[in-house]
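Chains A and B, in that order, give the protein sequences.
As numbered in this note's numbering, residues 1 to 647 make up the first sequence, in order.
As numbered in this note's numbering, residues 1001 to 1733 make up the second sequence, in order.
Check each hint, because a few of them may be wrong.
[To be verified] Taking lysine to any residue pairs in the SDA-like style, the calculated list, with each CA pair at most 20 Å apart, reads:
| hint | chain 1 | residue 1 | chain 2 | residue 2 |
| --- | --- | --- | --- | --- |
| 1 | B | K1459 | A | H643 |
| 2 | B | K1104 | B | I1195 |
| 3 | B | K1370 | B | L1040 |
| 4 | A | K627 | B | L1040 |
| 5 | A | K627 | B | R1031 |
| 6 | B | K1459 | A | K325 |
| 7 | A | K325 | A | G374 |
| 8 | B | K1120 | A | V358 |
| 9 | B | K1459 | A | N491 |
| 10 | B | K1067 | A | H643 |
[As the list claims (entries may be wrong)] Restraint ranges, calculated between C-beta atoms of paired labels, are given here:
| hint | chain 1 | residue 1 | chain 2 | residue 2 | range |
| --- | --- | --- | --- | --- | --- |
| 11 | B | I1625 | A | T181 | 53 to 59 Å |
| 12 | B | K1067 | A | A639 | 19 to 25 Å |
| 13 | B | N1282 | A | E178 | 29 to 35 Å |
Because the hints were derived from the structure by calculation, they are not lab data.
By construction, the Cβ of each residue, glycine as well, lies at the ideal position given by its N, Cα and C atoms.
Here is what each chain is made of, one letter per residue.
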Amino acid sequence: MGNVRPVLIVALVALGCFNLCYGGEEFSEELLLRPLPDRKVLAHFHFESTTPPTKDYGHHHHLFPKAIYQLVHKFRICELELSFTQGRWNYERWGGSDPISSSNAKPPGVELWAIFDVPLDHVDATWKNLTHTLSGLFCASINFLESTTAYSTPAWAFQKSSGSLRYGALPREAVCTENLTPWLKLLPCRDKSGLASILDRPAIYRGFYHSQRLRITSNEFGSEGIEPGIDLEQTLTIVVQPDDQRTSMSYSSGKIQQPDWSISSIFGRKISGTCVLARSSSVFLELESTLVSELNKVGVDNAASDGDITFPGFELSVAPVRVIKERRSSSVLFEFSVDKYHDDNPLDIGVKWKHPVVWSCVQAPFQANRFLLGSGNERGSIVISLRSTVSQRIFVGDEFGDGCEVQVVIFQVVPWYVKIYFHTIQVFLDGQLELTSAVIEKIQVSPSEDRVSPGVMEVALRLPCSTMSAVITVNFDKGFLHIDEYPPDANQGYDIPSAVVRFPDIQASSHYLGDNSSLDSPILSKFQENNPVLSYTEVLLVPLATPDFSMPYNVITITCTVFALYFGSLLNALRRRVGEEERLLKQKAAGKTALLPLILSKLSSKLRVRSHESHKSASPSPLLSNKLIMKAILLAGLAVAWHFYFG
Amino acid sequence: MCVRTAQSKNSPMATTDAGVPSSQPPNPKPRPIVRIAMFLISHSALFSSICCAAGILALFLLPLLAKNTYVSENALMPGSANPMFSNHDTMEANRLVKEIMDLKLSSGIAGIEISNLLGKYMTERDADVYHHNFHVQKNQFHLGNFFSDSSYSWHVKENRSCTQYGINTVAIIRAPRGDGKEAIVLVSPYNSTNIRLSDALSLGLSYSIFSLLSRVNWLAKDIIWLAADSRFGEYVSVAAWLKDYHNPSFLDLDKSDDGTCPVSHALLSRKGQPTTAGSRLNVFRRAGTMAAALVFKVVDGKEETKDTLSIYAEASNGQMPNLDLINIVNYLAVHRQGLHVKVAKLYSVLNAAWLRTVGQIFEFIGKTAKSVNPQWGFGISAADYVDGTATLASSIYYQALGIPTGSHGAFRDYQIDAITLEMSPRSSLYNEVRRSDFLLGGGRLLEGVIRSVNNLLEKFHQSFFLYLLSAPSKFVSVGIYMIVFMLLIIPLPMVAASLYSGPNERESSARTNNENPDPAVAIVTTSGSKSCKWLHAARVVFVVHLWSGMVSLIPYLINQLPERTPTACMLVWVLLSFVGLIILYCIAGSPYSYKISHQPPDREWAVLKAVMISVASIGLGLMSIINYATAQIGAIFMVPMCLLAHPLKHAGTAGKLRVLSLTTSNMVLAVIGFPPGALLLVKGWLEGFDGVSFGDFWIWAETLWTWNSATYLYLVLIQLPCWVLCMHILLHP
């Protein structure tokens, strides 16, 4: 953060009061396109709005969305990040250590975290109110994060925080256009003009990955902030596969040709001008360092001139305004300015590949996967496996040399009905069981409490760089839910939200060649921030024991019958006292009792004899009773038959 | 309960005999439920024979009572979408088939090459591909291996040899936009050492389905395609993969033989791959919880009329997959692809004349009933009846055996619904024109089933696991087939109670006739001696059950012997069991050693029989929970044996004909009730008595315990002691 702010200030000073600058409020729109190794294309929209602090500027804004401003002030938010994601980011193929993948690859569903500037005992209440507000604002069920079982307080593994950070995730939330529309409403031009106008809904939701993100950074309340104000960053990251006729034909040739694509072939629309309120509006096309080196290999024959960066492997339909090179890894950015284009002359950047190119993305030092072991409804274990990305060994080795170590921080929230036994943590390095104390540098757990709080596990591991695979296993028992806690039907199971794996030693940042004034673009300054590499693991599905709710009638009837029979006979056996009855009978027979009881007993015995006699006369002989029973059975049989064939 | 009824029954008799009815008020009548119980017990012989007969009759009625299947879970929506599988896909399947067959021709052993080829094809489809090397382990009899899941113990595997390695090739399609929590598994087994055209066709068809699924946009669950190397058996390869999926060992044991086996070398040194691909191909990948699995095979069956689909569903210990899975396959196969669907039948039953007669009787009854009232439509034709009975019999038989009928059984051990689909074409597989039609039908069927399962938001409907199939589209649910078992098992406690209280009654009445005026004394003495007698009988039963427990463990010792033949093993088993029984009698006393002077011996065996019967009924009841079909078949043998057991010496009180029939039936049941005897008889009946040998039972028992079948436990722990006790009663002095 610290490195960026001077840059921004310089940029602000340089700009002075631009003609489109509304007294300090700024809005910028940018789009970054990047071809991916598996014939897909990444499109990353980046919209940023900033506003000066209230004490200088007042409460009224021209550009900055009022909803966000009010939100920040009401809940005293320092930082907030909300993401809606559909699909999974493929860390192996789409990269894992560049700024886009480590800050824009998000777990499926909704993820929300926020840091508040309120007293610690007010944080929970503020969080609850915030979830409800966001829920209304974005048409999503974020309000489910209100319950204490759904969110947690990471101490150090997620971010360095002072206890006022809250983190929650809803893996099951379905993300669709009803969440995108309110998100677009926060933009000053909405999707009527500018870059957002190419956001064709079917094109976005047909893709392989789609993540919309909203990040608020505010320094309204902090005293030490250098640049107070509110910064709203909205990004939309999508991965789409361009339709291409040639790809299906070229399977047999072995090497797969990259598809040709253009903005219009991906989105079905062309960029027709800027949003007039935007300070800057530009499109970038990024070629990764590995791709650049592959292209250079291809281009050796064609002898490309040194100074001019045009790759022989492919051609662009529009000439870039300028070309920016990365300082370390030599990846290349082509910049296109939208200013020149308008309705009659829309911008449609297209890429045409001349040769088949195969490359792989820059990955994080370890690829994290998480899965469940065991089967059945009783117990199991959660496994987080970290697998070294072999080809990227140089990447780590360069910085640390021999005997180096990589720090890995894992943050995992587990719902209460998955009862984790933290003492069963085992760590295997390269197939050998290691002493937990030797590998784990720091661990902090907060066990779950039934129906109150989830279990939180924060682990910092220190692994030698030569480690090929590291496996962490934890055993758990599956809990039982109350009858009202089950969903109404045969449910699929319960989700464990993604775990977060961070590599604090490794920075996901790109530093571009060129002076600061030329790199005034917000998206580039974002990329230059020093953030640790971050990746998310899979969401897990835990099947819990589910009672058969579809047969309540049978269950209720059988249990009631069994209980009635059981308690009836039990009560009878307990209540009857055979000895006492016999004694009473004898007493009555002897007749040696006091006057009043005598009369009473006589009366009662008379009554009893009478009733008994009447009963006796009515009671049939054994033969008769047999007949009666046979009749009853016959009748019952008839009734059953009747029911079966006519019922 | 029995004690109380006996007392309450005794006391009025005693009081009337004492001759003071007027001075003592008569006891209140017992409650009606008690009276019904007393009535049943006193007429137990009648009721038990009625119940048994009704049970057997109900068993034969089951094909009539079978209901038509229906898709219970609405979310499945089978056949609601048009199939996307087209002729283009069959061409792709044919391309792979051709390449595999060429590979076979060019290189004699096509083991590793096929999996490499499959890996190449899968990679082209943007799938996550890996090779799973597994080591074949022969299942041995292990103490306490039954019902135990070895998921939390890391077995140290010894003496792995390179020759016992198999390679599964696995590919995973990640559903675009899916969350990756669930997966559908498609298994296509192939014999890598000797690949046939049918195997190649099943691989080709699976591949074309897979490549279609990698293009579709409706996928919500990941798709795993497992090309299982079945050179050591289909089940082994699938089970090995499932074990590594669910309970892997993280301890690296392969390190020692890394590089020594040619298999791993061959896989690593693949040409034309990017540098990282080699290592990537050995990483075991996963895709969430499995929702369902389909094992798909093509066989060269040469059917007469139509392309045929056979469904196999029975997993270990009579567990069945959810009926909805069979329903959607049946629905799509019959109504969409026009295939002929088959489930397994017992063909020996199909030609039985007596069964046809039974069918004709039922048909006649049904017709008569229909003529009386047209709404009574329970009659089915005799042919249908015989067919249904044959299917039902095989359904019960395979469930009772407890051995899975295919590699789908491995999935059921992890609570995953799975079935095997076996397709056989009308014409020869080499007929290229017909083949593409066949592939088109098969492909559309598989696509439809996968799409249906993919539609499932929740789980399969819960209460659809306990059933017997009487046709691909007819089933008998648990509510109906339980009646048969209940009818068979109800006589057991009834007869036990009557045997227990019967001698008592006669005894006390005999005593009162002996002018013993004090009823209280009589009750006390009888109850005292009764409990002693009961204890003695219980001890005998306990000793025999203890012995049966020993017998069940003896095979573990025999397995340690070197150079064993089945006959020798069987001999050793029988001998050891016999010696064990004698030793136990020496320690605990034989059942005939204990004599009560004032009790006639017939009381003694009656009490022994009562205890035996009650233990047997408990055993059967427990077994019905573990494996219903085993308990069902066991009850048919055991219930008559238990009920009719009578000492041969004491039979001579009634008429001659009755004695003769009782003795014969006892002898016959003594042979049938003995598990090896029954097996040898059935085997002799089916295959002729020439091929039957003494060791057959050993071989059979060995298969049972290698498959962890609870039927073995049932036979040795419930049926065998019951038989031994019956023998005791028959030979009672």
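Each hint tested on the structure:
A distance of roughly 34 Å separates the Cα atoms of B:K1459 and A:H643; the hinted pair therefore is violated under the 20 Å criterion. Simply put, B:K1104 and B:I1195 have alpha-carbon atoms about 7 Å apart, close enough for the 20 Å limit, and the pair holds. Taking the CA atoms of B:K1370 and B:L1040, the gap is about 35 Å. The hint is violated against a cut of 20 Å. A C-alpha spacing of about 14 Å is found between A:K627 and B:L1040, which places the hinted pair at or below 20 Å, so the restraint holds.
Simply put, A:K627 and B:R1031 have alpha-carbon atoms about 19 Å apart, close enough for the 20 Å limit, and the pair holds. Restraint check: the Cα-Cα separation between B:K1459 and A:K325 comes to about 52 Å, which exceeds 20 Å; the hinted pair is violated. Simply put, A:K325 and A:G374 have alpha-carbon atoms about 49 Å apart, too far for the 20 Å limit, and the pair is violated. For the suggested pair B:K1120 and A:V358, the alpha carbons sit about 16 Å apart, so the restraint of at most 20 Å is met.
Using a Cα cut-off of 20 Å, the hinted pair B:K1459 and A:N491 holds, with the two alpha carbons roughly 6 Å apart. For the proposed pair B:K1067 and A:H643, the alpha carbon gap of about 17 Å is at most 20 Å, so the pair holds. For B:I1625 and A:T181, the Cβ-Cβ distance of about 55 Å falls inside the hinted range of 53 to 59 Å, so the restraint holds. Taken as a hint, the range 19 to 25 Å holds for the pair B:K1067 and A:A639, whose Cβ atoms sit roughly 22 Å apart.
Roughly 44 Å separates the CB atoms of B:N1282 and A:E178, a value that falls outside the hinted 29 to 35 Å.
In summary, the structure is inconsistent with hints 1, 3, 6, 7, 13 from the numbered list given earlier, while agreeing with the others.
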